[in-house]
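A.B. asks: Protein chains in written order, with my numbering: chain A, 3 to 326; chain B, 3 to 326.
Errors might be hidden in some of the hints.
Pairs count within a copy or across copies, as identical chains cannot be separated in the list.
What the hints assert, rightly or not - Below, a list of computed lysine-lysine pairs in the DSBU-like style, where the Cα atoms sit at most 35 Å apart:
1. Lys86 - Lys303
2. Lys124 - Lys18
3. Lys124 - Lys225
4. Lys141 - Lys86
Derived from the structure by calculation, the hints contain no laboratory data.
A quick note: this is a predicted structure, and the numbers were derived from the prediction, not measured.
Number of protein chains: 2
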Amino acid sequence: MLTLKECQDLIHVCLKEVSLPEFPSNLYEPIRYMLEPEGKRIRPALVLLGCNVFSDEVSQAIPAAIAIEVFHNFTLMHDDIMDKSLMRRNRHSVHVKWTPNIALLSGDAMVIKAYEMLAEIKGPSFFRVFSLFNETALKVCEGQQYDMDFESRTDISEEDYLHMVELKTAVLLAASLKIGALIGGADNNSADLLYEFGRNIGIAFQLQDDFLDVYANPLTFGKEKGNDIVSNKKTLLLIQALKLATGPVRDELLHWLNAECFDRNEKIERIKLIYDQLHIDELSRARVKTYHEQALAMLDKISCTTTRISELREFSDMLMNRIK
Amino acid sequence: MLTLKECQDLIHVCLKEVSLPEFPSNLYEPIRYMLEPEGKRIRPALVLLGCNVFSDEVSQAIPAAIAIEVFHNFTLMHDDIMDKSLMRRNRHSVHVKWTPNIALLSGDAMVIKAYEMLAEIKGPSFFRVFSLFNETALKVCEGQQYDMDFESRTDISEEDYLHMVELKTAVLLAASLKIGALIGGADNNSADLLYEFGRNIGIAFQLQDDFLDVYANPLTFGKEKGNDIVSNKKTLLLIQALKLATGPVRDELLHWLNAECFDRNEKIERIKLIYDQLHIDELSRARVKTYHEQALAMLDKISCTTTRISELREFSDMLMNRIK
Numbered sequence: 003m004l005t006l007k008e009c010q011d012l013i014h015v016c017l018k019e020v021s022l023p024e025f026p027s028n029l030y031e032p033i034r035y036m037l038e039p040e041g042k043r044i045r046p047a048l049v050l051l052g053c054n055v056f057s058d059e060v061s062q063a064i065p066a067a068i069a070i071e072v073f074h075n076f077t078l079m080h081d082d083i084m085d086k087s088l089m090r091r092n093r094h095s096v097h098v099k100w101t102p103n104i105a106l107l108s109g110d111a112m113v114i115k116a117y118e119m120l121a122e123i124k125g126p127s128f129f130r131v132f133s134l135f136n137e138t139a140l141k142v143c144e145g146q147q148y149d150m151d152f153e154s155r156t157d158i159s160e161e162d163y164l165h166m167v168e169l170k171t172a173v174l175l176a177a178s179l180k181i182g183a184l185i186g187g188a189d190n191n192s193a194d195l196l197y198e199f200g201r202n203i204g205i206a207f208q209l210q211d212d213f214l215d216v217y218a219n220p221l222t223f224g225k226e227k228g229n230d231i232v233s234n235k236k237t238l239l240l241i242q243a244l245k246l247a248t249g250p251v252r253d254e255l256l257h258w259l260n261a262e263c264f265d266r267n268e269k270i271e272r273i274k275l276i277y278d279q280l281h282i283d284e285l286s287r288a289r290v291k292t293y294h295e296q297a298l299a300m301l302d303k304i305s306c307t308t309t310r311i312s313e314l315r316e317f318s319d320m321l322m323n324r325i326k
Numbered sequence: 003m004l005t006l007k008e009c010q011d012l013i014h015v016c017l018k019e020v021s022l023p024e025f026p027s028n029l030y031e032p033i034r035y036m037l038e039p040e041g042k043r044i045r046p047a048l049v050l051l052g053c054n055v056f057s058d059e060v061s062q063a064i065p066a067a068i069a070i071e072v073f074h075n076f077t078l079m080h081d082d083i084m085d086k087s088l089m090r091r092n093r094h095s096v097h098v099k100w101t102p103n104i105a106l107l108s109g110d111a112m113v114i115k116a117y118e119m120l121a122e123i124k125g126p127s128f129f130r131v132f133s134l135f136n137e138t139a140l141k142v143c144e145g146q147q148y149d150m151d152f153e154s155r156t157d158i159s160e161e162d163y164l165h166m167v168e169l170k171t172a173v174l175l176a177a178s179l180k181i182g183a184l185i186g187g188a189d190n191n192s193a194d195l196l197y198e199f200g201r202n203i204g205i206a207f208q209l210q211d212d213f214l215d216v217y218a219n220p221l222t223f224g225k226e227k228g229n230d231i232v233s234n235k236k237t238l239l240l241i242q243a244l245k246l247a248t249g250p251v252r253d254e255l256l257h258w259l260n261a262e263c264f265d266r267n268e269k270i271e272r273i274k275l276i277y278d279q280l281h282i283d284e285l286s287r288a289r290v291k292t293y294h295e296q297a298l299a300m301l302d303k304i305s306c307t308t309t310r311i312s313e314l315r316e317f318s319d320m321l322m323n324r325i326k
């Protein structure tokens, strides 16, 4: 059995071997730039781990793993244009380093490259993998569209938000595991259970990310806190607060949401106090825990030896470690 | 044997049957809008005609034909963002009717939909079709990148320009025919000959389009003339003129290319006069004729009855009719 770390290392090596033409350099250079930094490579590692639950021949899942990582980076390249994000992994985004047009077209070439890699699977699982890949890719686009739509809407329900998170983040993690499982020869039921594990852990992960934006220990948290609060992002924390707040607490919350000029730190501090009054932190922790437990319950149902899934259990613990 | 017209009609019907989810509407509505107008559907019709040369079961090529039309419209949706084109088929472009972000993401969903349709082929030709589709799609991106790169370059050679036209326009026509042929069961040699026919006719078509921008009869020409001249587009006409012009003729040509303020009609008229002096019209006609003849020569080499390829011959004559 490979460990998560071993899978990630294997992906690093294989990504370096992806060959891209030299010209036109404005098309292919941004793709190289995007694939260069040693990211966490979570999704392709999950493809390999998913395969490894059912087969010792993990190498057969490498083309699909690389395809998924290239696809994921294509979505990041285009998301950065749409969200006007200037930085990505501590470097300029492609649309900043080059131009938005170049980021658009390089992204297009990148999604086609992902399909080109998928074509290398060729085994009996190809059509099921291809179909799941397409279905998932469309869902990721749907998630991004809902996320953009929500920016200008004020009536987002918990259900709406969870649906968006599922599409934008969770299904790609889920599909990575299931694609690996299919290539590894899993039966349908086991492949679906791995998918459900990935879907639940994906939602838990995003909810935890939203939680950490407010409650992380700044000494150990890698990025700036409070961005979601400053931008009024309709996370589950804000949606729950809007649902629970009444009287003067509600008035103050709405005041901060509508304020056009404010002191960044003051807004973060005041909204955090409101969240504390409403016990939003506990609600959030409970929600993350529920999804985490639902994920683990799926693993228990898979018919294989415990060692075969121990690495996935460790993976989910590692993901959830930050607020346990 | 189906006629071009019959193929086009079949495509119209099948495109209407493409099912897209209702939500998120900002993702799927632009795709419906883009596929709605009854365009010429040249590429999918070529898939069907290419198949029909080798098989009477044209219906087996329909998923690939639709995939190619959806892919082509994806490139148009993204090209319109990059080129800031406000209109497409006499209606607002998607990025104008909605927003650039929506056109970007809908385009992304559209290319995934194209692959979803390709998955329906499933026959023994699938992997060869899939591979040619990927290769061609990347070339189309390369062509668009070169076209954008050329805008800011002044050293474009005839060879550069022809290479760009081949990538941006010709290979998709060529691949449409070859994909149809592969699905229809063509042998490798015949499929390659159809590809070469398509590639040559595609280049001829684009060169003719450039020619018509200057020399079309305005009474029968569907669009505004002179746009390439006004925007200094480095078409073969301009590249040839820059190569041939000397002395005061060259000075005047450079004057118009460098002029920042000018009367549109005067610039068109004066540059046309320079082209006339340099016999650019004859050079262009000759070039179009050469590619057209090279295309027809490919058809002659295909081993099948004359009736099997008569419709392709008529198609090429129809395309070339405008300046013959």
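A.B. asks: Indicate, hint by hint, whether the structure satisfies it.
C.D. replies: Each hint, compared with the structure:
1. For a Cα distance limit of 35 Å, the shortest separation of Lys86 from Lys303 qualifies neither inside one copy, at 43 Å, nor across copies, at 54 Å.
2. In the homo-oligomer, the alpha carbons of Lys124 and Lys18 lie at most 35 Å apart both inside one protomer (22 Å) and across protomers (32 Å), since each shortest distance falls under that limit.
3. Taking the closest pair of Cα atoms, Lys124 and Lys225 never come within 35 Å of each other, the shortest separation being 41 Å inside a single copy and 47 Å across copies.
4. In this homomeric assembly, Lys141 and Lys86 come within 35 Å of each other (Cα to Cα) both inside a single copy, at 22 Å, and across copies, at 28 Å.
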